[in-house]
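Undergrad: Each residue of the sequence shown is one higher than the one before, starting from 1 at the first, in this note's numbering.
Hints are computed from structural coordinates only; laboratory data are not their basis. We put the beta carbon where it would ideally sit given N, CA and C, even for glycine. Treat the hints with care, as some may be off.
Derived DEER-like restraints, expressed as beta-carbon distance ranges [claimed, not checked]: (1) 95 - 171: 16 to 22 Å; (2) 170 - 138: 26 to 32 Å; (3) 171 - 96: 16 to 22 Å; (4) 72 - 138: 18 to 24 Å; (5) 19 - 106: 40 to 46 Å.
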Amino acid sequence: MELEKVRDLIRAVPDYPEPGVLFRDLTPALADAEAFAILTTELAASAGAANLIAGVEARGFLIGAAVALVAGTGVVPVRKAGKLPAVAGSRTYELEYGTATLELPAGTVEPGTRVFVVDDVLATGGTAAAACGLLTDVGAEITGFGAVVELAALRGRGRLTGVDVHALLTY
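The task is simple: from the sequences and hints, build the whole structure.
TA: As structure tokens, this is what we get:
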């Protein structure tokens with residue numbers, strides 16, 4: 001029942017960012033202290049044996065930091081290209097309309113580190129797969145991927161082969 005409070009606060013925005021798309025806006029759930037505590041605690045419970053949480057830009061930073069605090073781990077941001085002064089690795093991936101690149105800060109993830117990756121939404125899986133791949137490239141062991149919302153019709157879970165996926169809410 002607690003997750004229903006989170007679901008009730010997620011706003012459906014039709015035709016954003018383009019006509020025909022129904023955008024799920026998590027901002028109201030993040031702004032509500034009780035809902036934010038619920039989603040943070042639920043995702044932290046899924047982190048398992050991780051000793052580091054990776055939050056994917058940008059809402060994944062907010063959620064990942066809170067999850068790390070509850071889970072008792074450190075947190076590292078997975079950033080868009082060009083935002084870091086020192087880069088441990090990068091991963092470019094396909095978007096519907098081009099490409100994007102994610103980068104990992106140097107000196108933050110040692111080989112063998114057990115990492116739970118967190119983002120706000122799992123949609124097509126491109127960003128999630130790139131983040132997990134980037135972390136694997138530097139020697140991390142991915143313990144799972146957690147999202148507040150999964151858009152099941154977009155089948156992003158299928159791009160995360162071999163990764164335990166934890167979505168709190170599915171649409």
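Undergrad: Now tell me if each hint is right for this structure.
TA: These are the hints, each one checked on the structure:
| no. | hint | in the structure |
| --- | --- | --- |
| 1 | 95 - 171: 16 to 22 Å | holds (21 Å) |
| 2 | 170 - 138: 26 to 32 Å | holds (31 Å) |
| 3 | 171 - 96: 16 to 22 Å | holds (19 Å) |
| 4 | 72 - 138: 18 to 24 Å | holds (23 Å) |
| 5 | 19 - 106: 40 to 46 Å | holds (42 Å) |
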